[in-house]
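Visitor: The residues making up each chain are set out below.
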Amino acid sequence: MLFNSLSFLVFFPLVVLVYFLWPKRTRWVWLLVASYYFYMCWNARYVLLIATSTVVTYACALGMERVQGRGGRRLVMLAGLCVNLGILGFFKYSGFFINLLGRGFGALGVTLSLPQVDVLLPVGISFYTFQALGYMLDVYRGEIRAERNLFRYALFVSFFPQLVAGPIERSKNLLHQVNEAHDFDAQRALSGLSVMLLGFFEKLVIADRASLYVSAVYGQWQQAPGWQIALATAAFAFQIYGDFSGYSHIAIGAARVLGYDLMDNFRQPYFATSVRDFWRRWHISLSTWFRDYLYIPLGGSRVSPLRRALNVMITFTVSGLWHGASLNYVVWGMLNGAMQVIEGFLPKPKPGAVRRLARMLVTFVLIDLTFLFFRASSLGTALRMLRRIAFSFGGAGIATDFSVWQAGVLGVALVILLALDALHECGHTLSGALSAVPGWARGALALLAVLLIVAFGIWGPGYDAQAFIYFQF
Amino acid sequence: MKKVGFAVLWAAALVVCLLGLDRALRREDGARKYSAFYAETQPIDVYFLGTSHVMDAVYPMELWRDYGIVSYNFGNPAETPEATYWTLRLALAQNKPKLVVMDVCYIDRAQSESGSAALAHLYLDEVPLSPEKLQAIWSLFPAGSRAEFVFPLIANHGRWEELLGGTQDTTDCLPCMRGAELRVGRAEPAPFTRTLEADGTQTPGKQAVRSIIELCQSEGIEVALIAVPYPADEAKQRMMNSAQAIADEYGIAFYNLFDVEGLVDFDTDCYDAMSHLNPDGAVKVSIWLGETLSAAYDLPDRRGDAGYAHWDAALAEYEAIYEREWAGESLLTGE
Chain A
9 MLFNSLSFLV FFPLVVLVYF LWPKRTRWVW LLVASYYFYM CWNARYVLLI
59 ATSTVVTYAC ALGMERVQGR GGRRLVMLAG LCVNLGILGF FKYSGFFINL
109 LGRGFGALGV TLSLPQVDVL LPVGISFYTF QALGYMLDVY RGEIRAERNL
159 FRYALFVSFF PQLVAGPIER SKNLLHQVNE AHDFDAQRAL SGLSVMLLGF
209 FEKLVIADRA SLYVSAVYGQ WQQAPGWQIA LATAAFAFQI YGDFSGYSHI
259 AIGAARVLGY DLMDNFRQPY FATSVRDFWR RWHISLSTWF RDYLYIPLGG
309 SRVSPLRRAL NVMITFTVSG LWHGASLNYV VWGMLNGAMQ VIEGFLPKPK
359 PGAVRRLARM LVTFVLIDLT FLFFRASSLG TALRMLRRIA FSFGGAGIAT
409 DFSVWQAGVL GVALVILLAL DALHECGHTL SGALSAVPGW ARGALALLAV
459 LLIVAFGIWG PGYDAQAFIY FQF
Chain B
4 MKKVGFAVLW AAALVVCLLG LDRALRREDG ARKYSAFYAE TQPIDVYFLG
54 TSHVMDAVYP MELWRDYGIV SYNFGNPAET PEATYWTLRL ALAQNKPKLV
104 VMDVCYIDRA QSESGSAALA HLYLDEVPLS PEKLQAIWSL FPAGSRAEFV
154 FPLIANHGRW EELLGGTQDT TDCLPCMRGA ELRVGRAEPA PFTRTLEADG
204 TQTPGKQAVR SIIELCQSEG IEVALIAVPY PADEAKQRMM NSAQAIADEY
254 GIAFYNLFDV EGLVDFDTDC YDAMSHLNPD GAVKVSIWLG ETLSAAYDLP
304 DRRGDAGYAH WDAALAEYEA IYEREWAGES LLTGE
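Residue numbers (our numbering), protein chains in the order written: chain A, 9 to 481; chain B, 4 to 338.
Watch out, some of these pointers could steer you wrong.
Derived contacts from chain B toward chain A, CB cut-off under 7 Å, selection only [what the hints assert, rightly or not]:
#1 L22
#2 W141
#3 F144
#4 A150
#5 E151
#6 A158
#7 H160
#8 W163
Taking lysine to aspartate or glutamate and the EDC-like style, the derived pairs with C-alpha atoms no more than 20 Å apart in a straight line are [unchecked claim]:
#9 B/K101 - B/E294
#10 B/K6 - A/D191
#11 B/K101 - B/D308
#12 B/K6 - A/D193
#13 B/K99 - B/D308
#14 A/K32 - A/D146
#15 A/K180 - A/D285
#16 B/K5 - A/D193
#17 A/K180 - A/D146
Calculated from the structure, these hints are not laboratory results.
Since this is a predicted model, take the numbers as computed values, not measurements.
The C-beta atom is built at its ideal place from N, Cα and C for all residues, glycine as well.
Using the sequences and the hints given, assemble the complete structure.
Guide: Put into structure tokens, the structure is as follows:
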């Protein structure tokens with residue numbers, strides 16, 4: 009079930025209604041049922057995977073608390089890691105590694121007859137696996153106590169708003185909320201609905217409209233001049249931002265209506281003034297996950313510059329691989345790591361508004377360049393597209409169905425999005441800015457926003473309700 | 004309590020705005036086709052049902068002017084007989100005619116295989132929401148595509164681009180045409196060989212035609228079948244010819260106009276190569292039908308009836324359009 013589907017428009021209000029009518033002490037049970045139903049709407053059989061991941065990490069966490077000695081705890085933790093990463097590896101990476109192996113031996117002149125693995129990637133497997141592993145590692149480190157109630161813990165892993173595309177929640181933030189009673193709070197519900205509205209705007213008006221142009225150009229890049237590929241790649245930067253930030257906002261808003269607080273996942277990423285700064289603002293829940301559970305255990309930054317560079321490269325290479333089992337994702341991650349390593353050797357930037365603006369632009373261009381590897385269908389395609397940008401920049405663009413009206417709508421929507429980001433960057437919030445406005449005017453604004461999303465969003469028949477880009481991870 | 008009141012007001016305002024948006028973005032062709040039907044306060048005596056072939060071939064205003072027959076053309080592009088069954092049922096909720104004439108062009112088609120959702124908006128969007136309309140939607144469309152017929156805004160919300168860009172839909176169907184379509188043009192026809200053979204294969208379309216006949220008979224409405232001539236290939240002709248067996252089964256008339264000598268000349272009367280008739284062909288078919296139906300059925304001549312004065316106004320409008328759009332091209336002039 010997609011957030012941008014009519015089914016969700018029925019499912020969510022129904023879940024909220026029953027949730028608040030349900031006896032307060034066991035409301036979490038209803039949420040667990042709803043969350044599993046939500047997941048099963050994709051593929052009922054794959055619910056076994058999330059259940060397995062849940063039971064294994066639950067048992068390992070309890071085991072770690074009961075086993076005496078650091079060695080024993082470590083063994084239990086490693087067993088949990090192996091099972092979960094094994095499932096993730098089989099479903100997501102087996103094909104990739106078998107292919108790499110075949111190509112490697114092929115390069116040496118040896119032909120191997122390797123088995124073909126063709127399994128459907130379970131939606132959100134990378135997200136819930138990392139969330140469950142994060143919990144297990146927190147218990148291992150003694151940062152939290154293991155949850156005794158399996159079903160409450162199952163809700164922590166499967167909480168439907170963030171189940172399939174994050175934010176990847178931390179046990180310290182979400183688990184205790186599962187154990188709390190949540191009353192209906194009209195103010196809070198309104199705030200949640202407003203955040204959801206923003207998410208729908210980002211997804212339906214920006215991401216899906218931008219995708220029309222991006223898909224058209226990327227679909228026939230061989231005929232497109234370099235400038236058009238560059239323009240489509242710039243549009244993709246906003247498509248993926250609108251798509252993923254939109255999903256995160258819908259998730260955060262939906263959780264807020266239910267009385268839960270999820271962590272922020274984006275903080276004005278295109279206002280970043282360096283690649284390192286960008287990664288503090290982009291997919292924050294994943295970046296901090298890798299920071300806490302990979303980068304710091306590797307030694308973090310309190311090591312020699314060379315070792316630190318290596319740690320950054322390892323972290324971002326793994327991050328690239330997390331995004332997709334393909335070489336272009338790996339190169340995308342490595343490029344992001346390499347740029348941060350290089351930044352570490354550059355002199356400290358001088359202050360000044362113009363310089364800051366210039367750094368923002370340079371950062372955007374660099375990040376956008378890496379997005380070309382992210383969006384291209386393969387590493388080879390990405391390199392050939394780059395060559396077209398470098399050596400065949402001019403010429404007439406290919407014809408697309410993306411009309412001037414569509415470009416106009418997308419342009420206006422981007423101005424709104426960037427204005428909102430600028431407001432947040434200056435330390436303000438939209439709700440704060442609107443607090444002085446009378447209630448009826450805020451209501452009218454919300455009404456207008458709904459109507460604009462309905463009219464200018466891409467949805468309904470003729471539109472193949474696209475899965476959010478990050479669902480595939 | 005104040006907050007609840009505000010929420011209710013806001014929701015009500017949202018519904019009103021969405022209905023307004025729905026109306027603003029609704030395709031105009033549906034309204035142009037059905038507005039006269041839903042505005043009609045007087046009885047309509049004859050319904051023509053079926054595909055675009057009948058939509059383009061029968062002009063109710065010709066029947067009105069020359070025979071005083073009050074009719075409405077419910078033909079719709081690519082409408083399968085299963086859909087036509089519901090078109091009829093929904094139209095019967097508004098008015099009960101004396102005679103239904105059903106086009107058999109698509110009796111070889113099944114709704115599940117060829118029912119076009121986009122075209123279905125033409126015959127469904129203007130029908131007021133009712134339990135019967137919901138029944139029609141549930142019967143005709145698979146689960147995933149029903150919502151757009153209950154709330155047409157789901158399908159039409161992106162039409163702002165079409166409206167701004169000036170590429171608006173048109174079926175050349177104006178309210179004064181009473182559901183018919185005036186398609187101006189003359190095309191060289193596809194090669195045509197007449198066959199008298201019939202294909203007796205049973206199809207969902209034929210079953211739906213039987214359901215239509217049975218529905219009419221249960222309501223006390225006379226019913227006839229019709230095959231509108233066009234340069235159809237032989238397989239299609241064989242299927243249409245097989246309607247004679249259905250007509251015989253129920254003891255009703257089947258007007259197979261392919262066999263009416265000299266009625267239509269494909270060399271001059273086709274709007275496009277493979278299918279529809281242009282106004283010359285349509286006027287010929289309409290006159291033939293007026294003559295035949297008024298002789299075969301007890302249809303009142305309502306000319307001069309004060310309640311039908313607005314039909315005279317529509318006739319004047321139709322004649323002006325015909326004069327402007329086609330008279331100069333017509334080969335019927337002076338006949």
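Visitor: Each of the hints needs a verdict: does it hold here or not?
Guide: Tested hints:
1. L22: violated (11 Å)
2. W141: violated (16 Å)
3. F144: violated (11 Å)
4. A150: holds (6 Å)
5. E151: holds (5 Å)
6. A158: holds (5 Å)
7. H160: OK, holds: B/H160 within 7 Å of chain A, min 6 Å.
8. W163: Nearest chain A Cβ about 6 Å off; hint holds.
9. B/K101 - B/E294: Holds - the C-alpha atoms of B/E294 and B/K101 are around 17 Å apart, at most 20 Å.
10. B/K6 - A/D191: holds (16 Å)
11. B/K101 - B/D308: holds (18 Å)
12. B/K6 - A/D193: Holds. B/K6 to A/D193 sits at ~11 Å (cutoff 20 Å).
13. B/K99 - B/D308: holds (19 Å)
14. A/K32 - A/D146: violated (29 Å)
15. A/K180 - A/D285: Not satisfied, since the Cα-Cα distance of roughly 25 Å exceeds 20 Å.
16. B/K5 - A/D193: Given that 20 Å is the threshold and the Cα spacing comes to 14 Å, the pair holds.
17. A/K180 - A/D146: holds (8 Å)
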